[in-house]
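Chemist: Here is how the chains run, residue by residue.
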Amino acid sequence: MARAVTQNRKIINTVAAWTVGLLIFFPILWTILTSFKTEATAIADPPVFLAFDWTLENYSVVLERSNYMRFLWNSVIIAGGSTILGIIIAVPAAWSMAFVPGKRTKDILLWMLSTKMLPAVGVLYPIYLIFIKMGLLDSRTGLVIVLMLMNLPIIVWMLYTYFREIPGEILEAARMDGAGLKEEILYVLTPMAIPGIASTLLLNFILAWNEAFWTLNLTAAKAAPLTAFIASYSSPEGLFYAKLSAASTMAIAPILILGWFSQKQLVSGLTFGAVK
Amino acid sequence: MGQIKLNQVTKAYGDVEVIPPLDLTIEDGEFTVFVGPSGCGKSTLLRMIAGLEDLTSGKVAIDGADATNTPPAKRGLAMVFQSYALYPHMSVRKNIAFPMKMAGIDPEEQNRRIEAAAKALNLTDYIDRRPGQLSGGQRQRVAIGRAIVREPSAFLFDEPLSNLDAALRVGMRLEICEMHERLKTTMIYVTHDQVEAMTMADKIVVLQAGVIEQVGSPLELYHSPRNVFVAGFIGSPKMNLIEGEEAAKLDAHTIGIRPEHIDVTATDGIWQGKVAVAEHLGSDTFFHIHETGLAETITVRAPGEVSFRHGDTIHLTPRHDQIHRFDARGLRIE
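Protein sequence lines, in the order shown, are assigned to chains A and B. Under the numbering used here, the letters of the first sequence match residues 1421 to 1696, in that order. Under the numbering used here, the letters of the second sequence match residues 11 to 344, in that order.
With the C-beta cut set under 7 Å, the calculated list includes, among others, these residues of chain A facing chain B: (1) 1589; (2) 1590; (3) 1592; (4) 1593; (5) 1612.
Simulated DEER-style distance windows between Cβ atoms: (6) A/1527 to B/138: 44 to 50 Å; (7) A/1449 to B/23: 56 to 62 Å; (8) B/23 to A/1428: 55 to 61 Å; (9) B/184 to A/1520: 35 to 41 Å; (10) A/1555 to B/25: 53 to 59 Å; (11) B/79 to A/1561: 38 to 44 Å; (12) B/300 to A/1585: 46 to 52 Å; (13) A/1550 to B/69: 48 to 54 Å; (14) A/1681 to B/172: 43 to 49 Å; (15) A/1520 to B/48: 23 to 29 Å; (16) B/320 to A/1428: 54 to 60 Å; (17) A/1449 to B/113: 56 to 62 Å.
Derived from the structure by calculation, the hints contain no laboratory data. Predicted model only: the values in this text are computed from it and were never measured. Note that CB positions come from ideal geometry on N, CA and C, so glycine has one too.
Go ahead and model the full structure; you've got the sequences and the hints to work with.
Modeler: What follows is the structure, encoded as C-alpha cells:
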C-alpha cells in the first residue's frame, strides 16, 4: 500500500538527506578549501571556514615541484588497463557461471569473494618477491596485473548478477540461429549487458584509481600514480597541509568529475537486479 | 528434407527420469504436435531435438544423419520460443537478418529474404522498430520471420501462442497452418492446448509423464483413443468417463461418451439428472448435469439453443455406437 507523504515528513526527509550528504562530503570540501589557504591559515585555531585570503600558490608550488601529468597518466593507464583486462577475463567467467552453472558455481563465487576479506598486507611479501623476480617492480604492467587480480572477484560478481537477469531463452535463440559461443557473447550477450558492463567498468575504474596500498608499495618513481603523488606531500619533514590538500584535490578531481557525470548510471548499476 | 527420428532417447535429471526410453519418427513435411498436460516432458523433448538439452541416452537423427552430439547451431533447425526470445537491442530487420548473418549469406540475398518475410508476415511497416516497440502478436511474427529466412529443414515451435490473447491466437494459428501449406517444411509444435493440437496437426503425439500415450491423426485420436488418458485429454469439453455398474453392463471397467454424443430430452431417456449449470453459447448449449448416479458431473453438448435451466430434470440418451470401452488397466477394448 502506498503511504501518503505529508509536507512535514517531506521537509524532515530532505533535511536529513542533506545533512547526511554534507557530512559525507565535508572532508572533501575541507580538503578543497584548505588547498586555497596559506599554510598558516590552514593550521589556524580556531579553523577558518570561508573568510580567508584565497590563493592559488599551493597549486603552483605543487605543479612546480612534481610532474603532475606523469602521475595522472600513470593513474589512467593503471586504472584503465586493470579494469579493461579484468572485464575481458570476467565476461566469459561470469557467462559460464550465469548460464551453465555447475554444482560448485556458488562455492566458487563465494570463494572468490572471500579473497577480498584477506588483508592485502598478508600477501604483500610473496607478491613483492614475485615482482622482484619477474622484474615487475615499479612498472605499470605489474600494477595493472595486481590491481586487476584484486578487483577481479568484484567484476565477476557484478557481471554475474547482470547476466543472470538476461533471459536464457534469448541466448538459446542465438544458438538456434547458428551462433557459436563467440558470436553469442559478442553479438547478443554483451550488447544486452552494456548498462551492466558500463557500471562495472566505472566502479572498478574508481576502485583502481583510489587504490593506495599496492600502488604505494610496488612503485617508486617510474610507475607511481596519483596516490603516490599525494603521499609524497605527507613527509616527515613537517606537514604542509595546504600543499597536501592541493595535491589531493588534483588527484581526486578527475575521478570526482567522472563520478559526478556518471552517478545516475552508477547508482542504477549498483541497484540492478535488486527489484525484479 | 526434414525427417527426424528419435531412437530410445531418455532424459534424466540426477535420479529422476523425466523421459523414459522413447522412439518416434517425424516424417519430412509433416506437421506434428506434441500435446500433454504441464510437466509431461513435451518441451523437454522438443529441446532435445533442438540440441538445447543433452540426451541422457539414445540417438537423434535428422535426415538420416546422427545429430545426437551436433550443437544446436549446426542442426539446421529453427525454433520459435514461447517468450519470442527476440534480441531486444536489434531492430526487426536485424533480428530477422541475424541467422542469415551467422550463416554467412550475402547481404543482397539477406535483404531479399527479409523483404519477402516482412511482406508475408505484415511486418514491412515495423521493420526498423525495436522489439520493445511492438505488440505481442507482432513480436511473435518477427520470431517466425527469423525462423523462416534461414530455410531450416524443420521448424520447432515451443508453445508459441500461449502469451497471446484469444482472438490473436486463432489468427496466428491460421497463419502458421497456411505457412505450413506453403512451405511444406517439417514442423514440430508443442502445446498444452488440445484445440490447437486438433486444428493444426497432421499427427498428434500425446504425452504423459514423458511417455507417448498415443500417436495418430487428430480424428484417429478423437474416434479411437487408445486409453482413458487420451480419451479424457482429447476433445473439448472432455469425454465423460463412467465406471461401475453402467460400465459393467457393457463388459468394461470404464466407458467413455463424448458430450456431443449424448441426446437430451425433457421426458424420457436412459439416464436422468439435474442441470447444475447451463452454458448458452448460441451455437451450442453445454449442460453440466449432477445427480445422475453415473459420475459426479456429466457434460452434454447440445447443438443450438436448448432451453433447460439450473435445477431442471433432464433425460439423457447416449448414442450406443459412440461409446468407448476401456478395461481395468485403462486400455481400449475394441
